[in-house]
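Colleague: Using the hints, put the two chains back together into the complex; each one sits in its own frame.
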Amino acid sequence: MKYLDEYRDGERAQQFAREIHRLTTRPWNIMEVCGGQTHAIVKFGIDELLPKFITLIHGPGCPVCVTPLEMIDKALEIAARPGVIFASFGDMLRVPGSTTDLLSVKATGGDVRIVYSPLDAVKLAEQNPAREVVFFGVGFETTAPATAMAVYQAAQKELKNFSMLISHVLVPPAIEALMSSPNCKVQGFLAAGHVCTVMGYWEYPPIAAKYHVPIVVTGFEPLDILQGVLMVVQQLESGRAEVENQYTRAVRREGNQSAQEIIRKVFKVVPRKWRGVGEIPQSGLGLNDAYAAFDAEKRFGLADRHVDEPTECLSGLVLQGQIKPHECPAFGTRCTPEHPLGATMVSSEGACAAYYRYRRQPAVVEQK
Amino acid sequence: MEPPSDFTPACPIPISQYPHVLMAHGGGGKLMHQLIGKMFLTAFTNPLLEMQHDSTVVEWTGKKLAFTTDSYVVRPIFFPGGDIGSMAVHGTVNDLAMSGARPLYLSSAFILEEGLPMETLWRVVCSMRDAAQRGGVQIITGDTKVVDKGKGDGLFINTAGIGIIEHEQKIAPQNVRPGDGVLVSGDLGRHGMAIMAVREGLEFESQIESDSAPVAGLVMQLLKAGIEIHCLRDLTRGGLASALNEIAEAAGVKIAVDEKSVPVREDVHAACEMLGLDLLHVACEGRFAAFIAAKDVERALQIMRGHAVGAASAMIGQVAESSTPLVTLKSSIGVDRILDMPSGEQLPRIC
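Each protein sequence line maps, in turn, to chains A and B.
Residue 506, in the numbering used here, is where the first sequence stops; the numbers in between run on with no holes.
Residue 366, in the numbering used here, is where the second sequence stops; the numbers in between run on with no holes.
Okay, the calculated bits of chain B under chain A, using three or more residues with CB under 8 angstroms as the criterion: (1) 36-45; (2) 281-288; (3) 354-361.
FYI, nobody ran anything at the bench for these hints, they're computed from the structure.
Since the model is a prediction, treat every value here as computed from it, not as a measurement.
Where is the CB? At the ideal position from N, CA and C, for every residue including glycine.
In isolation and in its complexed conformation, chain B is listed as follows (with noise of 0.2 angstroms):
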C-alpha cells in the first residue's frame, strides 16, 4: 500500500528540540511561545490568528464581534474560592472583554471520564449556570463525549465565546503606546497559590481563595467612561511576567514596572516566597492589565477601585519608547533588572 503523500518528510516537524510534549508546553512560557509560534500559527496562518490576542476580532455585516475559545483542566475541579465549571465561564467571558466586547453568548463541550460521579457533574454544571448569569452571557450549545476510565482526569470542559464591540477604540497589543500608564486589576498570585496549597496540602493560617471573578461588568464601565484603552490583557497562565513581555514584543516598546506598586496579599507573597515561586510568574484567573493613556490613568483606577472586581487596583508601571521589547523591574532596593517570561513550568526549588 502506497504511505500517504502528507507523511513524507517534506513536511517536517517545526518542533525538534523536543520530541514529546511536556507539561511546559502548556505553561505559558517561553516553551508554549515556541510550540505556538513554530506550530500553530505557521501551520494556520492568516492575519487575524497572528494579532494574538485574547479574542479575535471579526467585522460582519458592518458589526464589530470577537470570538475565542480555551479549555479547562484544573485540579481539583472544586478549589477555594471557585471550580472548573465557573473558571470556564469566567476565563472565556474574561477574553472577550480583552478586545473590548461585550460577552453575549458561550458554547460549552463537556469531555467526561467514566465513572465521574453524577453529583460532581451537577455541581460544576449548577456553577456554570449561576457564572453565566454573573457574566451576562447564555450558553447557548454544546458538546459531551465521554471517554473510558483511566482515559480522562475527572472532567474536561472546553467554552467558546462571542461578544460584540459598540465602540470605535481599537484595544490590541499593537496599540500600546509610550506614555501609557500600565494598570492591574487587583492583588496578583491567588488563584495560582490557592490551586497549589489545595494540591500539595499546604496549609497557611488563613485559606487562600482564587480570585477567579468576571471582568467584563468592569471593562465595559471604563469603555463607558470614555476612558482611553490601549490594550488589555488578562493575568492567567504565566502571570504578569508573560503578559507583559507578549505585549512588549507585539508594541516594540519598554514596560517599565515597579516592584513596590505591584498589588499582593501578604499570605500570598508569604507563600511564594516559602516555595522559591516568583509571583509574577502566578496565575491569577481574575485580574487583567490595562494600558491606559496618560491623561486617563487617575480617572480609570477610580473607575476601577470602584468595582467590586477591581477594589485593589493599582498603577504598577510605564511604558517607554525603545529600540528594542523590554520589560524592566525596579526592584525594592531601587534596582532596575529584567523581568523575563517564565520558561516553562515553576518548579519548587531546593532549598
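Chain A with its partners taken away, still in its complex shape (with noise of 0.2 angstroms):
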C-alpha cells in the first residue's frame, strides 16, 4: 500500500539497522516517547534488529494510561447515570476504575457509546435534547483540537446538554519531569511525530539544550523508527544534543498553526495528575473560563474526588521507563488484558499490552 509498504521494507531496515550498529561504540538509552512507537517497535521486532546494548525505553505517551484513576472513577460514575449519553474513544473502554470499567457499566444499562471523533459527540447531543451527553476528552496535543473543535462548536450551538470530561495531557512538561528525576537513565528521545505534526517542535530546542539530550521527531512506521534511532545514535556518538525532524513527511516546525490557535481559544494549561506518576505541574489541558459551562467534572458535582492508585499496579514506573513491562511481578498472572490492573495492560498503546500481546513467551525470540 503506497505511504505504508515503503515504510515496512525489510531490505531498507536491515539496511539502517547495519549502519545503527556500524556507528555505535557503547550502551545508550533512548526513550521513544509515544506508546503508539511502543507497540510498533514489539509488534514488528524493531528492537531486536538494534545492537544489544542500545536499549529502548518505553515512554509515557499513551493517553489512556496516563488518565488517572479519579478520572476513570469520575466517568464511570457519569456514565452509570440515568438520562446520561457517555461518549468516548473506544481505547477509554476496558480501563478499569477502581472497581469496574465502562464496559461493564454499558453491560449493567448505562448508556455507553463508542465515538470516532469529539464531533460525533456534539452530534449526540444535538440529537438528544433529552440527555446529557458527556465526552470523555482525553489524550495528549494529538487530540486536544478535535476535543477543542467539539466545546467550540457546541458553544456556538447554545448546546446546554453537552459537557466534556476532561483529561488531557501535554508531552514536552512531561519530558522535563523525566528528565529532572534523579532516577533517569534516558540519553535520548525519539519525540513523538503525530504530537508534533499539531505542535511543531520549536518547544524541544529548550529542553534539548538545557538537559544536554538529542531529541529526534520520529514517525510510526519501523522505517521510521529505525531512522529515528540512527539520528539519536549519531548525535550520542559525536556528542550533539540538538532536535531534528525524521518525519519530515508530516511534521513542519511551527506545526499546525490552526489547531494550535482552537486549543488556545477554548483551553488553559493546568496542573495535571498522571496516573502512577503523580501530579506534574503545568502538564494538562483544562477549559478556560469562557467555555467552564462544559465543564462535566462541575456539572455533575465531581471536582472535588480524589481516589487513591492502587499499590500493586507497577504501571507508574513502566510509564516513566524505571523497568519493563515483564519486569513487574503481577506481569500476565495477576495481570492481563482480560483482568487488568492498569491500563497500561488494556490500552493499544500501552507498553505492558504490547509486550503481553506479542512477545509474552520470550522463547519465541531465542528460536530465531
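Modeller: Structure, rendered in C-alpha cells:
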C-alpha cells in the first residue's frame, strides 16, 4: 500500500540496522515517547534488529495509560447515571477504574457509546436534547484540537446538554519531569511524530539544551523508528544534543497553526495528575473560563473527588521507563488484558499490552 | 416456601470475574473461550462436544453425519455483499464443510421484533432461499417467534444444519501435524470491515463488500481430488488469529505464519490501519484456513485458486513441532513475534 509498504521494507530496515550497528560504540538508552511507537517497536520486532547495548525505554506517551484513576472513576460514575449518554474513544472502555470499567457499566444499562471524533458527541447532543451527553476528552496534543473544536461548536450551537470530562495532557512538561528525576536513565528521545504534527517542535530546543539530550521527531512505521534511532545515535556518538526532524513528511517546525489556535481559544494550561506518576505542574489542558460551563466535573459535582492509586500496579514505573513491563511481578499472571490491574495492560498504546500481546514467551525470540 | 434445591450455593457460577455478560463474551476472543470452556463445556460435558470443532461428527447406522448450529444477529441487516439471510445460510453451510461434510439440510428459526416491515422480512427470506439453492441445501424445518417492540433488534435468525461425510479422512484440529502447510482461501477481513464501514458511516474510495459466500463446493472439490486435509476452520469472529490459536492449542503444535504472504485487499488494509484494527483479528464470512499435508499443498492451492470463492488463496505458513502450543508471525521486517488471540472485541484506538 502506498505510504505504508515503503516504510515497512525489510531490506531497507536491515540497511538502517547495519548503519546503527556500525556507528554504535557504547551503550545508549533511548526513550520513544509515544505508546504508538512502543507498539510498532514490539509488533515489528524493531528492537531485535538493534545492537544489544542500545536500550529502547518505553515512555509515558499513552493517553489512556496516564489518565488518572480518579478521572476513570468519575467517568464511570457519570456514565452510570440515568439520562446520560457517555461518549468515549473505544480505547477507554476497557480501562479499569477502582471497581469496574465502562464496558461493565454499559452491560448493566449505562448508555456508553464509542465515537470516532468528539464532533460525533456534539451531534449526539443535538439529536438527544432531553439527554445529557458527556464526552470523555483524553489524549495528548494530538487529540486536543478535535476536543477543543467540539467544545467550540457546542458553544456556537448553544447546546446546554453537552459537557466534557477532560483529562488532556502535554508532552514537553512530561519530558522535563522525566529528565529532572534523579533516576532518569534516558540519554536521547524519539519525540512523538503525531503530537508534533499539531504542535511542531519549537518547544523542544530549550529542553535539548538544558538537559544536553538529543531529541528526534520520529514517525511510527518501522523505517521511521529505525531512522529516528540512527539520528539519535549519530548525535550521541558525536556528542551533539540537538532537535532534529525525521518525520518530515508530516511535521513542520511550527506545526499546525490553526489547530494550535483552537487549543488556545478553548483551553488553558493546568497542573494535571498522571496515573502512576503523580501531579506534574503545567502538564495538562483544562477548559478556560469562557468555556467553563462545559466542564462535566462541575456539572455533575465531582470536582473534589480524589482517589488513591492501587499499589500492586507498577504502571507508573513502566511509564517512566524505570522497569520493563515483564519485570512487574503481576505481569501475565494477576494482570492480563482480560483482567487488567492498570491501563497499560489494556490500551492499544500501552507498553504492558504490547509485551503481553507480542512477546509473552521469550522463547519466540530466542528460537530465531 | 422451600427454595428450589438447584439454587443452593453448592453449584457456584463458574465465572466469577465478570458478574454480567459483556459484548466481549461474544467477540470470538479469550473472554468468549473462557465462557464456553468454563460454563458450557463444564455443564454439558461429553466427548463429542469436547472436540470443539465447527460442527460435530456423529456416527449413525454406519453413516457419518455432521451437525452444527449458529445464530445471526448482524447489524445492519443488509450490508454491501450480503444480508443476514444469506449469511445465516452460508455460515451454517460453511461450519458443516469444515468437518468435510456435504451439507444437506438446514433448520431456520426466526425471532422477529413486533413492527418489523414485512417487506424487510420477505427480502431476507428470498435471500435465504437463493443462498440455500447456491449452497445445495434445503431448509426443511423452522420456527417463528415474535417479541415485543424494543425487545429484539429487528430480527435474529438461528440456523442448524446436517451434512453427510462421504470419505474416510479425519478432518479435525487434533489431526494437524508438523510439516502441514497452512492455506487460506482468499483475502482476509472484508466482512468485518464492510460491516464496520456501514455501521460507523465510514466512506472509502471504493465500497468494501463482505466476503460472505458458501465454501462447501470448494471443500468438496478438494476432497474429490484426494487432497490429504488434516483440518479446516472458517475464519469468522476473532479472525485468523483466533482460528490459528485454537488449532495450535488443540493439536499441541507451533504454527508459523509469514505476514507478507497473508492475502489482503488494499482498501481493507487501509481501513484497518486507519482505525487501528488488527487485520488478523477481523472476521470473514466466506474464508477458511486449511491444514494440508506437505505433499499435497501445491495441488490444493491450484484447486482452490481455480474455484470462484478461492481465487486469492495463498499458503501463509507452516506447522512445526513445539513443546508448547504457539502461533508466531514473521513481521514485514523479518522478525518473529507472537500472534495472540484477541482478548475481547477490538476497540478503535484514540489516535
